[in-house]
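Visitor: In case you want the letters, here they are:
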Amino acid sequence: MNLGQTQQRIRWITLAILVGSAILLTVLDSTGALSGVMGFVRDPLTYISSWTSARTDSVADIVAGPRNLETALQEIDRLRTENDTLRKENEQLLEDAGEAQILRQMFDRAAETPEYRRITADVIGQDTNPAIQSILINKGYDDGVRVGMPIEAARGLVGQVYRVTNNAAQVALLTETASAIPVRLGSTRATGMLRGAGRGALPTIDWIDLQYDVQVGELVTTSGLGGKFPENLVIGRVVNVERNEAELFQQATVQPAVDFNAIEIVFVVTEFNTDNTEIFSEGP
Amino acid sequence: MGNHVYVALPVMAMLAILQSSVLSRFPVLGVVPQLLFLVALVWGIARGIEEGLIWAFIAGLFADLFSIAPLGVSSLAFMAGVGGPLLLQRALPPRRLPVAMFMAMLGTLVYLAVYAVALRLFGFGASLSGLTELLPLLAVHAVLILPIYLLMDSMLRALRPRRVEF
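Chains as they are written, first to last, in the numbering used here: chain F, 108 to 391; chain V, 9 to 174.
Only chain F is shown next, with the shape it has when bound in the complex:
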């Protein structure tokens, strides 16, 4: 046998062993027979692999970083703009919802007493003097507003027109000392005169007859007596009663139903039903 044929044979045997070993390993590994051995080999390899991979990721991040940062900054700008737009929309929606609620309450109030004639007016200012409580509305003489007309909000009586110009009116709040309103108490039906006590004090009802047992929490409404205010306009609730048996009359303090600091829209009651008292002033 020459040298060339011997070398050729060795090559074929090596190849067969390699192929056989490969097939054997494949079979053994597929049956799980090599798991212990393979774990022993793989563990250090995977450790090295993970370390290398981490370094590679860092390098890749450094290389790819600027591009991603730019994208992220653009995204932040876009989201900021979107956020601003959505905030504005949200504020507008909240404003609209608040206004819609006020208008709904006003509508409900107007529906309760359809026989009254009303003008809606916006509150455009408050009294410039700190000790006085009045508001300025944007309807005046040209709109049919006259001195003395009652002003109401959705929750109840606000006050009375005190001064009128052509296109605006000054309204004295019912808490103001210049204000005097004939009222009736809800359950006892007692009548009295509600007087404002000025800034920092709640209005009080004077001249309530002692025969009535006035309770805290009683509803206070206008009595309609005198003809300057319509009947049954809500004013507030009794929060305190001062009763002294030695006196002829008792007094009650009232918490107004209207939050005067938060009024935005009011009704000017321009016409309402009153009892005709002119017959009493006619001569015989």
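By construction, these hints were calculated from the structure, which means they are not laboratory data.
The structure displayed is predicted, hence computed values, not measured ones.
Each statement offered as a hint is correct.
FRET-style restraints, in silico, Cβ to Cβ: (1) V:Val151 - F:Asp320: 47 to 53 Å; (2) V:Met163 - F:Leu193: 37 to 43 Å; (3) V:Thr140 - F:Arg185: 52 to 58 Å.
Quick look at which bits of chain F chain V covers, simulated, 3 or more residues with Cβ under 8 Å: (4) 232-244; (5) 269-277; (6) 280-294; (7) 301-312.
The beta carbon of each residue, even a glycine, is placed where N, CA and C say it ideally should be.
Position chain V relative to chain F; hints supplied.
Guide: Below, chain V alone, put in the same frame as chain F:
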């Protein structure tokens, strides 16, 4: 009356609108600062008692236009509140800002006292508790006068530079 009156009229008109429609919506410590009064007081500090009183008068008129108080009541109160402290100005040390703060507090106190009495006379009497509620106005005015003073002082200096003689 000098030319300053022609300045006072539009300034006070504008401030009265601002006072009624804007400032009243933003109370500080439960009170609304009286911008018209403060501007009149600052003008008085800067330009003397005479002009200060005229400005206080005009300020009061415009304030009453947006109030149910009788016209002129605020003028009285403002003039007392501006004139009183300005009379003491010469007796006070020449430290501009602390003096302005002191004058704002004193002036506000005088203004409120005169105002309460005047309102009583016209049937608008404020209760004692109501007036007590207004006392934070002293502190608010003492602070607020500083930016107004600095602003008006710089404006006046810019409009009328001081004459320098060599």
